[in-house]
Amino acid sequence: MKCDIILAGVGGQGILTIAATIGLAAVEANLFLKQSEVHGMSQRGGDVQSHLRLSDREIHSDLIPHGKADLIISVEPMEALRYLPWLSPEGWVVTSSVPFINIPDYPDTSALMAELEKTANSVVLDADSIAKNLGSSRSGNMVILGAASSFITMPFETIENAVRKLFSRKGEEVVGLNIQALRAGRAAAGK
Amino acid sequence: MQKQLLLGDEAIAQAALDAGISGMYAYPGTPSTEIMEYVQASPQAVRNKVHREWSSNEKTAVEAALGMSYAGKRALVAMKHVGLNVAADAFINSAVTGVNGGLVVVSADDPSMHSSQNEQDSRFYGRFAMVPVLEPRNQQEAYDMIFEAFNLSEKYRLPVLFRITTRLAHSRAAVTGRVSRAQNAIRLPSNPRQFVLLPAIARKQYRALTSVYETLRTDSILAGYNRLSAGKGRGTGIITCGIAYNYLMENITDNRNDYHLLSLAAYPPDPRQVAELVGRCDQVLVLEEGYPIIEEQLRGLLDRDVKVLGRMDGTVPRDGELNPSIVAAALGMDATIGKDVPPVVRQRPPSFCKGCGHADVYAALAEVMDEFGPGRVFSDIGCYTLGALPPYNMVNSCVDMGASVTMAVGASDAGLSPAVAVIGDSTFTHSGMTGLLDAVIKDSPVTLIISDNSTTGMTGGQKSQATDRIESICLGLGVSRGHLRVIIPLRKNHEENKAVLREELKHNGLSVILARRECIQTASRNKKAETAEKNKTGE
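In the order they appear, the protein sequences are chains A and B.
Per the working numbering, the very first residue in the first sequence carries number 686; after that it's consecutive.
Per the working numbering, the very first residue in the second sequence carries number 2; after that it's consecutive.
So here's chain A without its partners, still in its complex pose (with noise of 0.2 Å):
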C-alpha cells in the first residue's frame, strides 16, 4: 500500500495542519511517512506545497516522483492545477474552489473551474460556506481533509483520532468544531 499526496496553498492558509493531521493518523497507524514542508520566502503569500507519503514499506525520497501522486489536496483552486504534473492518471484532486486573490492576474474563476472539469477525477467544494454554515469559519482546512478522506487508505476513525489529538490543547469546543467539519467535508464530497 502507498499514497503519495500532494498538499497545495497559499503561504499562510495553513496546508500544514492539514499534513501534521494526517502525519499524525499515519503514527497511529503504523505507517511509514514522510513529509516534506516549504519554509521561508514562499510563505509569505506565494504558492506553497507539501509532499506526503504514506507506506506500508520503507519510503525513500521525501519528493513525489511527476506523475506518481495519487491525490491532490489543495485549499485554493488555481492551486491545485499547478500540480497537474506530478498526478498520476489515475489519482484525484480534492479542492476548495474559493480563490485567494493576492496578486494582479488572477484569472476568471469560471476559467479555473473549466480546467478543474477537465480532470476526470476531481472534487470541488465551497469548503468556506460549509465551515461557515457549522458555525466555525476557520475551519476550511478540515472539511478539505473530510472531502479528501476516502482517498486517503486509512480508517477515518484514525484520522478523526488525529485530530482530535492535534486541537486537544485547545479545548473540546475546537475539538468538536473541527471533527464536525471532517465530517461534513467527507459527506459534502459523496454526494
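Hints listed in this document are in silico derivations from the structure and should not be mistaken for laboratory results.
Hints are not guaranteed to be accurate.
Just so you have them, the derived chain A footprint on chain B, three or more residues with Cβ under 8 Å [what the hints assert, rightly or not]:
1) 349-359
2) 367-378
3) 451-463
Here are the simulated lysine-lysine pairs, DSS-like style, with alpha carbons at most 30 Å apart [to be verified]:
4) A/K855 <-> B/K4
5) B/K340 <-> A/K817
6) B/K4 <-> A/K687
7) A/K855 <-> B/K528
8) A/K850 <-> B/K4
9) B/K537 <-> A/K850
10) B/K537 <-> A/K687
11) B/K537 <-> B/K50
12) A/K753 <-> B/K4
A short, non-exhaustive set of chain A residues, derived as facing chain B with CB atoms under 8 Å [claimed, not checked]:
13) C688
14) K719
15) Q720
16) S721
17) G752
18) R767
19) N787
20) I788
21) L797
22) N818
23) L819
24) P840
25) F841
Beta carbons are placed, not taken as given, at the ideal position from N, Cα and C, and that holds for glycine.
For this one, chain A is given, so just place chain B on it according to the hints.
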C-alpha cells in the same frame, strides 16, 4: 525508545541534546532555523541548562561555540549555507586550533535557492578547512550521525561539518532516539597553546592538520557510513552523496542488486572504496546534491582515467535540486509525468503581508525617490527585499547580509548621491553596524533606512538582537543626533514620513531613518498569547 515524527532539523537538535551539548549557537536562516527553535522549546534543554540564545551572526556563533569547546564542553552551531561565509574566518581557523570539547557545525544548503541568494555547497568548506564532513541520507541517520559527529570531533580534536540540504531539513519522518548522555565537565585544553595561533604555533598545528586529514580517509567511523555494494555485470556504476541515494532508490528499489553502488555520507571518502567501484564498471554516474564535488575529484584535471557521467557532462542538470524524475532521466529510464500545468495558472510570488510596515516604508520612499532619480536604493536580506517586486520595484540590490549599507557608501563614493540603503533591524545588528561606521567616518551622503519590525521576520519571527538598541547603537557609532530620525510607517503618517525622507535625502551627509513598527505576524501572535494568558489568569 518511542518514535517521534521529526523534521530533519528537529532530529539534529534532539540528537545534539541527547549527545550532551552544553550550548547551541545560531543565527536564523532558512532552512536551518528550526534546529535552534527546537532546542529553545525543549524542556530537556531547560532542565540541563543548555545555552540556547540566538547569536548576532554566524561568526559570533562559531566563535562562542569554540569558546565553549575550549572550556571542554560540547557545542552545536547551526546556520544556513551562506552563513558559513560569514563564519568562515572562525570556522577555517578552528580546524587549525582544533577543539577541546566536541564541536559540530551544521550548515544547511539550499539547492534551487528556495530561500537564498546562491546554492553554494558546504562540503566545499569541509575540504577547505580539512575537517570531516557528514551528510546524512535521512532523518534517522541525521539523528544517529550527530552522536558520531561529536565522537569524531573529540577523537580527532577537530570541528566536524554537518551538511544538510533544504529537503532533509524540512521533511518529517519517524525518528527513534537513544539514551541521552551527560554533558562534559569543564576541562581546560591539555596543551595551553593549542588555541594560540601565533605563526610559530600555527605552522606546527597546520602541519599536524594536513596529516590528520589524510588519516581521515581511512577512518573506520567515516568509512562505515560509505556503503559499497556489488551489482551484476559491468555497465554503469553509481556513486550517490547524501540524500541523492533516496532519489536513486525511488527508481531502482526492485532491482537495486543490478547496480554497482557506492553510497557516500561521510567525507573524505576512502579512495580504496572508490577504486573498487570504478574497477567493476565501464562508467560511473555521480549523483550529488549541490556542486559536482565528488564528480570533479573523480574526473581530475585530465578527465581521462574513468568515464564519468554527472552534472559536468549534462547527464544531470548543472544546477538546481535533484529529484526522483531527474535521477530517472540520468539512469536512462522513462520518466513519468502527469498533465502539463494549464496556461490559466499564474505565478504567485511571495509578497508583503497585508498591513506590513515595510510596505508603508516603500510606498513613501517610492514617491520621494521620483524626485531624486532612479537606481539608487540598495537593499538587504529580509522580507523587505520584496520591495524589488511590483508594485514597488524599488530595490536595486540584494547581495549579502549588510551589503545595503556598504554598497550605498561605495556608490556615493562614486558620485551617485544621495544613495539610499534599506536594511532590517536584525540584519543591521548582524552585519550592518560596521558598514555604518565606515559611513560615519566619511559622513557619506547616504540615507540609511532601518526598517525595524522588532523581529527576525523572514525566518518566522525570532528574537532580534537589535530590539530597543538601535538608537543607542547608531549614536554610539557616531551618527549625528540631528540626522537620526524616527518614523512610524503607517498609512496615516504617509505625508509626514515622506517629508522626513525628503529632508534627509537632501542632507549632504549621513542620515539614519528608523522606521519602526512591529511585524504584524509577531504582533498578532503576541496578542493571541496575551489573551490566552489573561484567560488563564481569569479562571
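(request) Compare the distance between the alpha carbons of A/K855 and B/K4 with 30 Å, and conclude whether the hinted pair is satisfied. (result) Measuring from Cα to Cα gives roughly 24 Å; hence the hint holds.
(request) Identify whether the interface hint at A/I788 stands, where standing means a beta carbon of chain B within less than 8 Å of its own. (result) 6 Å, holds
(request) Check, residue by residue, whether the region 367-378 of chain B contains three or more positions whose beta-carbon lies closer than 8 Å to a beta-carbon of chain A, and give the verdict. (result) violated (count 0)
(request) Classify the hint on A/R767 as holds or violated, based on whether any CB of chain B lies nearer than 8 Å to its CB. (result) At about 5 Å, which falls below the 8 Å cut-off, the nearest Cβ of chain B leaves the hint on A/R767 intact, so it holds.
(request) Could you grab the alpha-carbon distance between B/K4 and A/K687 and see if it respects the 30 Å cut-off? (result) OK: B/K4 and A/K687 at ~20 Å, within 30 Å.
(request) Given the hint that A/K855 pairs with B/K528, test it: the Cα-Cα distance must not exceed 30 Å. (result) Since the Cα atoms of A/K855 and B/K528 sit roughly 16 Å apart, the hinted pair holds (cutoff 30 Å).
(request) Please verify that hint: A/F841, Cβ, nearest Cβ of chain B, below 8 Å or not. (result) 21 Å, violated
(request) Please verify that hint: A/S721, Cβ, nearest Cβ of chain B, below 8 Å or not. (result) This hint holds: A/S721 lies near chain B, its Cβ roughly 4 Å from the closest one there, short of 8 Å.
(message) Next item in the hint list is A/N787. Is there a CB on chain B closer than 8 Å to its CB?
(response) 6 Å, holds
(request) Take the C-alpha atoms of A/K850 and B/K4, compute the straight-line distance between them, and say whether it is at most 30 Å. (result) Holds, at about 16 Å.
(message) B/K537 and B/K50 were given as a pair; does the straight-line alpha-carbon distance stay at or below 30 Å?
(response) Between B/K537 and B/K50 the Cα gap is close to 27 Å, so the pair holds against 30 Å.
(request) Let me know if the C-beta of A/Q720 comes in closer than 8 Å to any C-beta of chain B, holds or violated. (result) 4 Å, holds
When held up to the earlier numbered hints, the structure conflicts with 2, 5, 10, 13, 22, 23, 24 and 25 and fits the remainder.
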